[in-house]
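> Given next are the chains, with one letter for each unit.
Protein chains: 2
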Amino acid sequence: MPRTGGAERRTTLVEEAIRQFGREGYGGASLDDIAGAVGVRKQTLLYYFQTKDALLEACLQAAGIRLAEVIAEALEGKEGYWDRAEAVIHSVFDLAAEWPEFPMFIREAGRLGPLAFERFADVLDPLRRRAVDFLRSGMDDGQVRKQDPAMLLFTLYTAVVGSLTEASVLNAVVGADKSRASLRRREKEVVAFVRAALEPVGER
Amino acid sequence: MPRTGGAERRTTLVEEAIRQFGREGYGGASLDDIAGAVGVRKQTLLYYFQTKDALLEACLQAAGIRLAEVIAEALEGKEGYWDRAEAVIHSVFDLAAEWPEFPMFIREAGRLGPLAFERFADVLDPLRRRAVDFLRSGMDDGQVRKQDPAMLLFTLYTAVVGSLTEASVLNAVVGADKSRASLRRREKEVVAFVRAALEPVGER
DNA sequence: AGGGTTGTCTACCGTCCGGTAGCGGCCGAT
DNA sequence: ATCGGCCGCTACCGGACGGTAGACAACCCT
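Protein sequence lines correspond, in order, to chains Y and X. Mapping of the first sequence onto this note's numbering: residues 1069 to 1272, in sequence order. Mapping of the second sequence onto this note's numbering: residues 1069 to 1272, in sequence order.
Hints in this document: simulated from the structure, not taken from any laboratory. Just so it is clear, the structure is predicted and the values come from calculations on it, not from any experiment. Note that CB positions come from ideal geometry on N, CA and C, so glycine has one too. Since no wrong hints were added, every one of them can be taken at face value.
To give a feel for the contact side, a few chain Y residues facing chain X, derived at Cβ under 7 Å:
| hint | residue |
| --- | --- |
| 1 | Gly1093 |
| 2 | Gly1095 |
| 3 | Gly1096 |
| 4 | Pro1182 |
| 5 | Thr1223 |
| 6 | Tyr1225 |
| 7 | Val1241 |
| 8 | Ala1265 |
Computed beta-carbon distance windows for the label pairs:
| hint | chain 1 | residue 1 | chain 2 | residue 2 | range |
| --- | --- | --- | --- | --- | --- |
| 9 | X | Ser1205 | Y | Leu1114 | 54 to 64 Å |
| 10 | X | Glu1147 | Y | Thr1080 | 55 to 65 Å |
| 11 | Y | Thr1119 | X | Arg1204 | 45 to 55 Å |
| 12 | Y | Arg1263 | X | Pro1182 | 24 to 34 Å |
| 13 | Y | Glu1137 | X | Gln1118 | 46 to 56 Å |
| 14 | X | Ser1098 | Y | Val1106 | 28 to 38 Å |
| 15 | Y | Ser1205 | X | Arg1204 | 32 to 42 Å |
| 16 | X | Lys1214 | Y | Ala1249 | 19 to 29 Å |
| 17 | X | Asp1208 | Y | Ser1205 | 30 to 40 Å |
| 18 | Y | Ala1249 | X | Pro1182 | 16 to 26 Å |
Examples of chain X residues toward chain Y, derived with CB under 10 Å:
| hint | residue |
| --- | --- |
| 19 | Arg1175 |
| 20 | Val1200 |
| 21 | Leu1266 |
With the hints as extra help, turn the sequences into a complete structure.
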């Protein structure tokens, strides 16, 4: 009933949609529930986004922008190969701590097929290129183990996103707990793992 | 119309359900489609599995059994830490090559919550324990970098399953192709990555 | 004051989906 | 030959969901 004003309502709806798409999956989340969670009727949601697919696209773009911001901010003023890699991982874990459904949503985006994922990835493309160049020059400098840099980036991605999204597996394998402390432990593990995988022979 | 005989029909339905649950997700796959794909009506499916949930449970158990078989077979006659780890990864990639939806289904199982995942993981629990012991003794022997073995197993899991399921990401990051050769390349990458992450200081 | 725009609502539609009811054919045992 | 269970079918139900139509209220501009 209260009129909140267009732009604000839009972003609230997108944020809630990301939460629910992440938790329930795109198919599993209903417009009714998303709208209800922000205190509005489905038809109001459909006023802002003419179709469920349009809502998804808005979510994908918003997620891409948000992630790009977070990573760019983490890179500011960081020097040295390892500092930068660690800062990126840390920033993503921070984002996941404050917004647990965010990585889930990204994984769901991948599941929805390449077209959907591109909407998200396009925003991040400059960062992707930067990361590949970063890894390649690290290899040239002898600070990173030599390998295909794009493939390495993919593997790093899967390790980070996986450790943020596979809660059930974590529970079954390790005996999880959902506390923030546990998240930090996982971050440390991923950082150690990645560091070990990155460092070249004789660097330790 | 043709009567195929109970047990055979059951397994055919389960296999098709795993395919569709993997591709479309649990919510996205319909009983009509699953039944239709094996040439039978939905009501016949419901004759074998009284409810969609029961079908899911059968799939989870079947998937657990299948994976346990594949891994156990891969471990037969293998000696040495690295041979065994590599053999397990290879066997999982082989399974994924012949049945691409299988890893997708496992990931979906994780998404459906701890209860569902346990149905799958319980079958694998002996192997899980074996893997943890294996990693721990490798650490004691100085053949594996020291760390929390359960956590390490989790990270290995995410790296392998991630690289098998995040096709859209692979496409966006590397410029994918879905050929079998590309799968082998990814396997080599994961093996190299894991090896680098496992080996202790000064082992190279 | 009043007309257009913006935002939210009620009411409804068509479709799809999981699940129920119940019929009928095939087949082996008696 | 017939009877009972196994197996597959047609027909249907109730509910959920995405989306449409249109009323109505608040606000803004002139």
